[in-house]
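A.B. asks: Next come the chains, spelled out residue by residue.
2 protein chains.
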Amino acid sequence: MTSTISINDSQRLQLKPLEIPSRLLLGPGPSNTHPEVLQAMNTSPVGHLDPAFLALMDEIQSLLRYVWQTENPLTIAVSGTGSAAMEATIANATEPGDVVLIGVAGYFGNRLVDMAGRYRADVRTITKPWGQVFTLDELRTAVETHRPAILALVHAETSTGARQPLEGVSEICQEFGTLLLVDTVTSLGGVPIFLDAWGVDLAYSCSQKGLGCPPGASPFTMSPRAVEKLQQRRTKVANWYLDMSLLGKYWGSDRTYHHTAPINLYYALREALRLVAEEGLANCWQRHQKNVEYLWQGLEDLGLSMHVEREYRLPTLTTVRIPEGVDGKAVARQLLNEHNIEIGGGLGELAGQVWRVGLMGFNSRKESVDQLLAALRQVLPR
Amino acid sequence: MTSTISINDSQRLQLKPLEIPSRLLLGPGPSNTHPEVLQAMNTSPVGHLDPAFLALMDEIQSLLRYVWQTENPLTIAVSGTGSAAMEATIANATEPGDVVLIGVAGYFGNRLVDMAGRYRADVRTITKPWGQVFTLDELRTAVETHRPAILALVHAETSTGARQPLEGVSEICQEFGTLLLVDTVTSLGGVPIFLDAWGVDLAYSCSQKGLGCPPGASPFTMSPRAVEKLQQRRTKVANWYLDMSLLGKYWGSDRTYHHTAPINLYYALREALRLVAEEGLANCWQRHQKNVEYLWQGLEDLGLSMHVEREYRLPTLTTVRIPEGVDGKAVARQLLNEHNIEIGGGLGELAGQVWRVGLMGFNSRKESVDQLLAALRQVLPR
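If you read the protein sequences in the order shown, they are chains A and B. Numbered per full-length UniProt numbering, the first sequence spans residues 1 to 382. Numbered per full-length UniProt numbering, the second sequence spans residues 1 to 382.
Derived by calculation from the structure, the hints in this document are not laboratory data.
SDA-like cross-link-like pairs, simulated, lysine to any residue; straight-line CA separation at most 20 Å: (1) B:Lys249 to A:Gly348; (2) A:Lys290 to A:Glu311; (3) B:Lys128 to B:Tyr312; (4) A:Lys16 to B:Glu278; (5) A:Lys236 to A:Gly117; (6) A:Lys249 to A:Asp50; (7) B:Lys249 to A:Ala351; (8) B:Lys249 to A:Leu347; (9) B:Lys16 to A:Met57; (10) B:Lys329 to A:Thr256; (11) B:Lys229 to B:Gly248; (12) A:Lys16 to B:Leu281; (13) B:Lys229 to B:Asp98; (14) B:Lys329 to A:Asp50; (15) A:Lys236 to B:Gly97; (16) B:Lys329 to B:Ala351; (17) A:Lys236 to B:Val113; (18) B:Lys236 to A:Glu95; (19) A:Lys16 to B:Pro51; (20) A:Lys366 to A:Arg287; (21) B:Lys229 to B:Glu71; (22) B:Lys329 to A:Arg255; (23) A:Lys229 to A:Phe176; (24) B:Lys16 to A:Gln39; (25) A:Lys16 to B:Asp58.
Put together the whole structure using the sequences plus the hints.
C.D. replies: Right, here's the structure in full:
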């Protein structure tokens, strides 16, 4: 305390304790958290090497395998939000010069392109108008042409509301020695996924959508085939924080310290996964499907139409066309300010054209739909 | 729901709601969280573009500037734990081939070496035995020799408990056009820091030590001089999640969506920072110093000695020599299992030689010290 520098108080805000409005979150995420999940998160942290915490990590690993329907040993939660888990798949699977073929039919396909370039991949793309999906024939032709080390597809495009079917894709990949990487950010917990049956090698997700947990700890998995590529790398993973050759030792039996985990978020994630297991995956998926069909019917009754063809619509996220002459931003603002309901606007190619309505995790309930439809009836111009 | 694949229930654990033991966390971190911080975190999340959340981000920025004593506009919280903020400084400040000179006198100096290599820096090191610090003369000679783009020093070496003095270092750096990067993970909130007066260009920290918050949202700042280097890059930042040229637009006036923030951790961080501002930095630093001196006295009364010379000891983290013939791991295990007190073991060169005792944030209290000393009196062999 011998310092002679005096303390500058110019940024010393005098604040009251936190006050945050209570919102119904029906945008693209985060969605509201199950009260029991919040309760679990509100437990005082223990150390990241505490035996009680290590046991909890094991539970998270098992339950993530369950919700993803995989037996991959390397199935963990990354200490960041969904984009960090996305980056983890690219960082660990890609070496400089690897051909990475990315299906781009929305904003998050483009994000994969940006990331893969930063890891010095030789990036190739196939594209579709936003809201459409790739056919098996289109994927076969592209893989034959580019012979990629990795094919990356977005299962649930959060920017468009479209669900990319994945059955049959791994057969094409295996023919050409290609790893299959899949974005399940907006599908995990809400949309049927069978990672192993579909032959997916790398997948990532988030906690704050189908799992109904706060954001910040994000599911990540890689198949033994992908782990083999990781082990045979000639260069270190170009990202220390997300390096699975190090993280695998902390989550695996070695328990070697890597970084301090976001302890309380793991409490929350464990609880959110426990609730999904209690409900059962089949029930959980059916609930999402049933509630979204109720939403679609209600929106159509209001004279609105959906952007995506019915067969490929996500049960978790719906893109609704903004009618001609309606100010989409003003409607969203009014829903937020007058009804405490958040919905999302369009991104990229769909900016100004659609609203994005999420019914995910805890929020996939009839009451959420009723509340939104009632508010829309008041807000939409007649 | 037309899928014919059946659901595999082998990993569907049937668990009870979370039960976690209550520990007094006196290791190297995390430390216990202030109850008001936990309370704030337990608020239902809102969207990451909600006006209420954007206002909260502004508050976090101001308060981080206060605790760091800087006016840097680019002062934010990274969506990950301290190591992610560490990686953010390296990723944003380094271009391939840049000479990065790192002071290594402990585990976290080595971590910087590992990270900088992954970003293809030309890494040079100066070293000191673990527990010692660099003199200004040693730093001057090294900077003159290597003429680095960046000099990286660890202000508070969590593995050794040593405090690296920083007064006068920036004068050397400015002479050679070198940016000064500083690790303040175990100093922020507990040890006097004057980033601007000391001419620091890049710094990072964590939330779960001196700030008494759960881990997962981590302070990061860069000076206008460092931002200039970022803007003049010839290559994209080799890390999408931590790219400040993108993150700066979300935290700045543009509010451009980058990734979903870990909303509830920002609630917690805002509250932890509010409490530091309420107490006042000078009081907070004095509290840490007073309590650690009380700890040192108590440990000496038990016949124990400290690893670091008194002048350079951190008020936040103390390394205690394990006496000859004592099984350090057994003592720590007994403290945890019989007294619910966590202390840390030695890392790297100091493995088996020291215990690490943290008194940080909410845990820097006389009661914590009394509780530890009483337990040690029972556990230590006579």
